[in-house]
Amino acid sequence: MKKQKRVFLHSGEEGHLSDLRRGQKCVVLDFHNDNAALRRRLLDMGITKGVVIEIKKFAPLGDPVDIRLRGYELCIRKVDMEGIDVRVL
Amino acid sequence: MKLALLGNQNSGKTSLFNALTGSNQKVGNWPGVTIDRVEGVIKKSNATIVDLPGVYSLSPYTSEEEISRRFVLEEKLDLIINIVDATSLERSLYLTTQLLELDVDLIIALNMYDLVKKKGININLKKLEEELGVTIIPISAKTGVGINRLKTRILNRRYKKNKHKKIYPTDVEAFIQEVEREYKYVKNNKNGKFHKRFGAVKILEGDRDYRILTDANLKVKKQSLEANYNMDGEQLVASLRYDYIVKVRKNTVKYKPHQETKTEKVDKIFLNKYFAIPLFILIMAIVYFISISLIGGLTSSLISAGFNGAEHLTIYIGTYPIVFETGTIGLGPLLANWLTSVGASSWAISLLTNGVIAGLSAVLSFIPQLIMLFICLSILETTGYMSRISFFLDRVFHKIGLSGKSLIPFIVGAGCSIPGIMSTRTIEDESEKKATIALVSFVPCSAKLPIISLVSSVFFTRWGFAFALLFYIMSILIIFALAFILRRLIKRKEHSTFISELPSYKAPSGKYIARDVADKTIAFIKRAGTVVVFFSVIVCLLISFNWRFEPVTNVENSMLRDIGNAFGWFFYPMLGGHWNWAASVCSIQGLIAKEQVVSSIEVIMAAGGGEVFAFFTPLTAFAFATFNLFSIPCIGTIATMRAELKSTKKTLLVILMEIIVAWFIASFIGMWGALL
Chain A
1 MKKQKRVFLH
11 SGEEGHLSDL
21 RRGQKCVVLD
31 FHNDNAALRR
41 RLLDMGITKG
51 VVIEIKKFAP
61 LGDPVDIRLR
71 GYELCIRKVD
81 MEGIDVRVL
Chain B
1 MKLALLGNQN
11 SGKTSLFNAL
21 TGSNQKVGNW
31 PGVTIDRVEG
41 VIKKSNATIV
51 DLPGVYSLSP
61 YTSEEEISRR
71 FVLEEKLDLI
81 INIVDATSLE
91 RSLYLTTQLL
101 ELDVDLIIAL
111 NMYDLVKKKG
121 ININLKKLEE
131 ELGVTIIPIS
141 AKTGVGINRL
151 KTRILNRRYK
161 KNKHKKIYPT
171 DVEAFIQEVE
181 REYKYVKNNK
191 NGKFHKRFGA
201 VKILEGDRDY
211 RILTDANLKV
221 KKQSLEANYN
231 MDGEQLVASL
241 RYDYIVKVRK
251 NTVKYKPHQE
261 TKTEKVDKIF
271 LNKYFAIPLF
281 ILIMAIVYFI
291 SISLIGGLTS
301 SLISAGFNGA
311 EHLTIYIGTY
321 PIVFETGTIG
331 LGPLLANWLT
341 SVGASSWAIS
351 LLTNGVIAGL
361 SAVLSFIPQL
371 IMLFICLSIL
381 ETTGYMSRIS
391 FFLDRVFHKI
401 GLSGKSLIPF
411 IVGAGCSIPG
421 IMSTRTIEDE
431 SEKKATIALV
441 SFVPCSAKLP
451 IISLVSSVFF
461 TRWGFAFALL
471 FYIMSILIIF
481 ALAFILRRLI
491 KRKEHSTFIS
501 ELPSYKAPSG
511 KYIARDVADK
521 TIAFIKRAGT
531 VVVFFSVIVC
541 LLISFNWRFE
551 PVTNVENSML
561 RDIGNAFGWF
571 FYPMLGGHWN
581 WAASVCSIQG
591 LIAKEQVVSS
601 IEVIMAAGGG
611 EVFAFFTPLT
621 AFAFATFNLF
631 SIPCIGTIAT
641 MRAELKSTKK
651 TLLVILMEII
661 VAWFIASFIG
671 MWGALL
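Residue numbers (the numbering used here), protein chains in the order written: chain A, 1 to 89; chain B, 1 to 676.
Please keep in mind that the hints were generated in silico from the structure rather than gathered at the bench.
Treat the numbers as computed from the prediction; the structure is a model and nothing was measured.
Some hints here could point you the wrong way.
If you want a taste of the chain B side facing chain A, the calculated C-beta under 10 Å gives, among others [claimed, not checked]: (1) D85; (2) S88; (3) Y255; (4) N272; (5) K273; (6) D394; (7) V396; (8) I499.
The calculated label-pair distances, taken between Cβ atoms and stated as ranges, are [what the hints assert, rightly or not]: (9) A:R22 with B:N156: 50 to 56 Å; (10) A:L89 with B:I286: 40 to 46 Å; (11) A:L89 with B:P169: 25 to 31 Å; (12) A:H10 with B:I286: 43 to 49 Å; (13) B:I522 with A:R22: 43 to 49 Å; (14) A:G62 with B:I281: 17 to 23 Å; (15) B:T261 with A:L89: 21 to 27 Å; (16) B:S647 with A:G62: 34 to 40 Å; (17) A:H10 with B:N228: 32 to 38 Å.
Note that the Cβ used here is the ideal one computed from N, Cα and C, for glycine as well.
The following block holds chain A by itself, in its conformation from the complex (with noise of 0.2 Å):
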């Protein structure tokens, strides 16, 4: 397997919502995904457009993710979490 090199992003920048580092704040721009039903699950748990999103921790083995958004923790996957756009704050 090719091994991917990740790219952070910085405070200011555009990006996909998996990109960024624990701890790391962003507000969510639109969603790009395809599946129907997950992004009717994502908006029914809050990730609207304006939202804001932190990035709380990793799994010991590095996915998925535990963010906290609206004031409660949710888990999910990195692939779910490119689809999602973000400008970090």
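Got chain A; can you put chain B on it based on the hints?
Relative to chain A, chain B alone:
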């Protein structure tokens, strides 16, 4: 009066249900404990209350969420009790905004209110009630605070009527009202005239169960709304709901600046990069060490001596045996003596002592071990640790075609496969769910514990625990290997998801655990008293008579021998090249209930003496136990598997897989043993 209990997953619905009805439904601290609807009656009233699986929204993903949605939309309800987690208000109220669009009255039970102050949250209840237009009762389902108040309000019908509070901006609101007017029967199902507003919003969202807009004028209006907000209907509604909630929250709730919570501190250890997995293995090993080795060694010979009598008692503390000279007579021999003295026939005595007593004692002597196991599992389930394990093992499980959420069925399955299989309903992805269902029964359940215990204590006296552990390691290896193979066989979508809330840790409730353990233990004893006794008697009859129904003195002439012999070929290799009828009888009995394996051994030994099983070497015994642990599960599990897989063909395939896997592993061990 008919009520429904609705709320997010893990918001404490079942705790509230238990508090209102006085029952003891399963409670756990992971999202999605309740997987089917459960009905109860509020104490001292005629109000029926239905506990439904937790949902975050009325747009369903998983099968158990579909149950909740269909229930509220199609059932005629007098009131919905919306249980809201006060410590995570914003997300919880999202469901509330949807429930308020139904044509049903609503009352909010604001749960975990006792934790609000501790977390530095200040909620202005009166104002929140006003803003939402809903009656709010703060409660703590766990401690019972506020439950009586909630009950009287419900029973006296003292709550606000649902006036369909307008929560959307004027342009969206106007559109919704127009759809409402235009489509008198917005819902496609037979109960269509209810929930007009809800249906109108669903049409704006484009929900798959609702009609598509056909009216050209409305279509244009919808498109222009979507263009104005730069979002499609689905995104728009979700965003506006949350916008409204944020506005309400800002007016009514004040938070102290965030400090490190207890949960975060505990997670630093349990979810630590390096310690997490060793800690998990250690915890599981401790659970099994305590229940199998420690408690088993202390008690099982005591109980069996009570039933059958013993010259001396051996108690194991760890691996060190302590022998007492006792000369207990035991219940069985006492009963036999008494029956002889009143002149009962010898076959009746043998039926009672060799059938009923021997069969019962074989199973009942494991009760202390089971109680300990049930206590440990109950603690694991209610603290919130299970959600953490599924969080950190998701990556490993995902690689082999399972989900992190598969772990919960496996751990629940260590108690009993049936609830284990049922708890797979929380797994979103169909192929991951099916693979999990197929693998749950490879986890040795509590009824298989007697087999493990018996073999490891009889044949590996001093190192019993190490061999017991070997069975569990074997089960984990089999599950991983099979999952890997199944991943290639089950058709799968290219993408599966794992989305789960990470709940806070909670101290387990002693009262709940006591009742939970008592319920499970009583169920086990009941099964021992009915199924096990019945089939032990049958075995005893078959072993005492020949085909002409004449009593036999030598078991080698009995009916049972011939029946067992018919299957002898199957067990030949795993018994290390021994043709033995008794071993096959025990395995077949295991189909009815796994406890039956050990009780059959006892019954056959009682009738025929130890010679029948004398050929067993430690290795063939180990092979025999392996086969019984991993082959076909009991009938109840098969039925549950069939119900959850919704396919007889797939169920049969799973069973076939289990037989093949168990047979080959057991035969390998058995033949290897014979070669040594």
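Of the hints stated earlier, which fail here?
none
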